[in-house]
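Engineer: Next come the chains, spelled out residue by residue.
There are 2 protein chains.
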Amino acid sequence: MKTFDEALAYLLSKAVVTSYTEEIEINTALGHILACDIVSELNVPPHHNSMMDGYAVRADEMVEGKVFTISQSITAGTIGKPLQRGTVARIFTGAPMPMGADSVIMQEEATDVKGGVKFSASSFRLKQNVRHIGEDIAKGNTILSKGHALRPQDLGLIASIGVKKVTVYQPLTIATFTTGDELLEPGEQVEAGKIYNSNRYLLAGFISQLGLKLIDLGRIPDTLDATKSALTQAATVADVIITTGGVSVGDEDHIKPAVEALGHLDLWKVKMKPGKPLAYGRVLDTPFIGLPGNPVSAFTTFCLFARPYLLTMQGQAEVVPKPIWLKAGFDWKKPGVRREFVRVRLENQIQGNASPTTEVVLYSNQGSGVLTSTVWADGLAVIPENSIIKKGELIAYYSGR
Amino acid sequence: MKTFDEALAYLLSKAVVTSYTEEIEINTALGHILACDIVSELNVPPHHNSMMDGYAVRADEMVEGKVFTISQSITAGTIGKPLQRGTVARIFTGAPMPMGADSVIMQEEATDVKGGVKFSASSFRLKQNVRHIGEDIAKGNTILSKGHALRPQDLGLIASIGVKKVTVYQPLTIATFTTGDELLEPGEQVEAGKIYNSNRYLLAGFISQLGLKLIDLGRIPDTLDATKSALTQAATVADVIITTGGVSVGDEDHIKPAVEALGHLDLWKVKMKPGKPLAYGRVLDTPFIGLPGNPVSAFTTFCLFARPYLLTMQGQAEVVPKPIWLKAGFDWKKPGVRREFVRVRLENQIQGNASPTTEVVLYSNQGSGVLTSTVWADGLAVIPENSIIKKGELIAYYSGR
Numbered sequence: 001m002k003t004f005d006e007a008l009a010y011l012l013s014k015a016v017v018t019s020y021t022e023e024i025e026i027n028t029a030l031g032h033i034l035a036c037d038i039v040s041e042l043n044v045p046p047h048h049n050s051m052m053d054g055y056a057v058r059a060d061e062m063v064e065g066k067v068f069t070i071s072q073s074i075t076a077g078t079i080g081k082p083l084q085r086g087t088v089a090r091i092f093t094g095a096p097m098p099m100g101a102d103s104v105i106m107q108e109e110a111t112d113v114k115g116g117v118k119f120s121a122s123s124f125r126l127k128q129n130v131r132h133i134g135e136d137i138a139k140g141n142t143i144l145s146k147g148h149a150l151r152p153q154d155l156g157l158i159a160s161i162g163v164k165k166v167t168v169y170q171p172l173t174i175a176t177f178t179t180g181d182e183l184l185e186p187g188e189q190v191e192a193g194k195i196y197n198s199n200r201y202l203l204a205g206f207i208s209q210l211g212l213k214l215i216d217l218g219r220i221p222d223t224l225d226a227t228k229s230a231l232t233q234a235a236t237v238a239d240v241i242i243t244t245g246g247v248s249v250g251d252e253d254h255i256k257p258a259v260e261a262l263g264h265l266d267l268w269k270v271k272m273k274p275g276k277p278l279a280y281g282r283v284l285d286t287p288f289i290g291l292p293g294n295p296v297s298a299f300t301t302f303c304l305f306a307r308p309y310l311l312t313m314q315g316q317a318e319v320v321p322k323p324i325w326l327k328a329g330f331d332w333k334k335p336g337v338r339r340e341f342v343r344v345r346l347e348n349q350i351q352g353n354a355s356p357t358t359e360v361v362l363y364s365n366q367g368s369g370v371l372t373s374t375v376w377a378d379g380l381a382v383i384p385e386n387s388i389i390k391k392g393e394l395i396a397y398y399s400g401r
Numbered sequence: 402m403k404t405f406d407e408a409l410a411y412l413l414s415k416a417v418v419t420s421y422t423e424e425i426e427i428n429t430a431l432g433h434i435l436a437c438d439i440v441s442e443l444n445v446p447p448h449h450n451s452m453m454d455g456y457a458v459r460a461d462e463m464v465e466g467k468v469f470t471i472s473q474s475i476t477a478g479t480i481g482k483p484l485q486r487g488t489v490a491r492i493f494t495g496a497p498m499p500m501g502a503d504s505v506i507m508q509e510e511a512t513d514v515k516g517g518v519k520f521s522a523s524s525f526r527l528k529q530n531v532r533h534i535g536e537d538i539a540k541g542n543t544i545l546s547k548g549h550a551l552r553p554q555d556l557g558l559i560a561s562i563g564v565k566k567v568t569v570y571q572p573l574t575i576a577t578f579t580t581g582d583e584l585l586e587p588g589e590q591v592e593a594g595k596i597y598n599s600n601r602y603l604l605a606g607f608i609s610q611l612g613l614k615l616i617d618l619g620r621i622p623d624t625l626d627a628t629k630s631a632l633t634q635a636a637t638v639a640d641v642i643i644t645t646g647g648v649s650v651g652d653e654d655h656i657k658p659a660v661e662a663l664g665h666l667d668l669w670k671v672k673m674k675p676g677k678p679l680a681y682g683r684v685l686d687t688p689f690i691g692l693p694g695n696p697v698s699a700f701t702t703f704c705l706f707a708r709p710y711l712l713t714m715q716g717q718a719e720v721v722p723k724p725i726w727l728k729a730g731f732d733w734k735k736p737g738v739r740r741e742f743v744r745v746r747l748e749n750q751i752q753g754n755a756s757p758t759t760e761v762v763l764y765s766n767q768g769s770g771v772l773t774s775t776v777w778a779d780g781l782a783v784i785p786e787n788s789i790i791k792k793g794e795l796i797a798y799y800s801g802r
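Chains as they are written, first to last, in my numbering: chain A, 1 to 401; chain B, 402 to 802.
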């Protein structure tokens, strides 16, 4: 038996970052992982500029009611002349401040008069309404680090320093296949004693969600030779092989002996619930992960083990999700020897005029055969080993991403 | 001025669900929105079955140490014969229970002996280790409703009832273009007074993240005619037009008069920060959303207004994110008349042996020109209108997903 933490630490220690990178345009880079730091060669903004439509002034020259000549007009994208003493410049949002001006008075506080413009007294504050050079990004700063997964705002930030292409890790290719005589594929006729294959579609969804490529070798005949041949093919085409089922102790499946014949396999009973059996090994030189066959266990172990493992190989720096500590909305009375990952939702409880309290609420049936629980849930919460939980105590909640 | 809630309610009241649906295979359906309910035509599991490798027995016949004949062996995918009285059946995980058996004893509690098998006393509990017919899904139940966005576990659940194709809404097409003489595109040479276009890439990232199609009409010359012609083209090819910038009061841009000439436009000052100016209207018959030009405001208003609007049109049922109420890790001393959406991270504070507390931590520079804040942040937190916040008080946090 391995504890959850031991199993995860071991697995991550075995994950080697892919060495394949590629340069791609930022408008196709969403979800990709940066393969190098991004350092800015310029200041953003590149110059002091106006936050408002208004007038660029020297604050120490301002007197209420005095009429100032408008000596120039500066729009965004143009460069003004140095501001003549005793005058003001019409200026628009984003336009560079003219040399000598230190403040912007917004147009709502200005009155057009013959020969120029006058201002109300409330509006004379030094440096007001000015955005400063390098305020967002200073030249030489690292704006994003190697290992970062690119979100829309990251793409905007990269664009803002004029960078058009980024070097990212090439998406991993994952191979899988299905074994098991008891399985029907969706669309096939119901047959007595058989059940529909759900893990194949769960896994395909997860792989697609991570932006990885899936090679699904389909249904493999339930013989040792066919299984070995599928594994060999998978090892040749993919960076990682993932299968579900066939790795329990005493299992009659051919996966175990086939992996052992072609490489090696460690079978673990992880002290967690759901999801006890987990297999990790190699087929030829390709990593192999065997998830439990039970769909809820497959779901949980994919989220908690396979995802961090794959993201590490994919080059992502932070792969283990951070929990949010929230109040349990339930009592947990029966301590268990295994760490339990329960399917939960968040609910906001409103109490009079006070701020609502966010509580973690349990799905009614935590049975490991009930895939409905993962569909109902917003995420997973942790019941630690050998523990009871009293309603209102803080527990660790992991969003279903 | 509109309050935030008024603006959002108005916008959502104008969003009409697309009428275009398509039937697609579940292995390509991740992220799509269901256009009809999914009702199960069968029970999952389809039969009582064993949760373990072990022995199917009649619990009331069990006596410690008594030797039972093994009358049959039932593997997953096969149907056994009714269980003869006084015998047990070898059974494997997932295999249907034979008629008459009501309990499974796991193999670890069985000992092979001459002529059969005997069991230890601790293992005789009625109905133990049996998964019941329809425990996950009962025949006739709606497993997923119209308007649901499909996640990996949803695809697994749909597969488990044998369904291969689902009817989803066709992804919306969004058109955008860029105006503004002050903008350079990434990759272009730095030019004095100009800044790089970041909103174009921010927007492209968001549209891609939502699984929508983007038609980017590129850079449009800064004239009224060119802007009208771009808007007309956009209205013809897209379901929604989104632009950034050019919609502030007093703005010199051509977008406002062009939209007004081709349809109509409402300009709102929303009582929120960042993100005050927001425009909503129609170009010919196509909805038009004008986000602020400031990148942080564009980010915030996309998340808070455009995303729920687009998801509603896309058919999603729940579009307004649910907050999590968490402790503020800061004091907010200056009440503002506008609702403020601050860029924040979550941090877990560890105090001795107690459970950690999750706190909401502010980015140091909440300036609306600082796109870095959105990159640093995990999400947004809300400072209500006219309010101060004391460290430790609960505030609403929205994950940046």
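There's no promise every hint is true.
[As the list claims (entries may be wrong)] Only pairs whose alpha carbons sit at most 20 angstroms apart, straight line, appear in this in silico EDC-like list of lysine to aspartate or glutamate: (1) K482/B with D216/A; (2) K164/A with D617/B; (3) K677/B with E108/A; (4) K403/B with E748/B; (5) K566/B with D216/A; (6) K322/A with D667/B; (7) K629/B with D617/B.
These are computed hints drawn from the structure, not numbers from a lab.
Engineer: Of the numbered hints stated earlier in the document, which are not met by this structure?
Structural biologist: 1, 4 and 6
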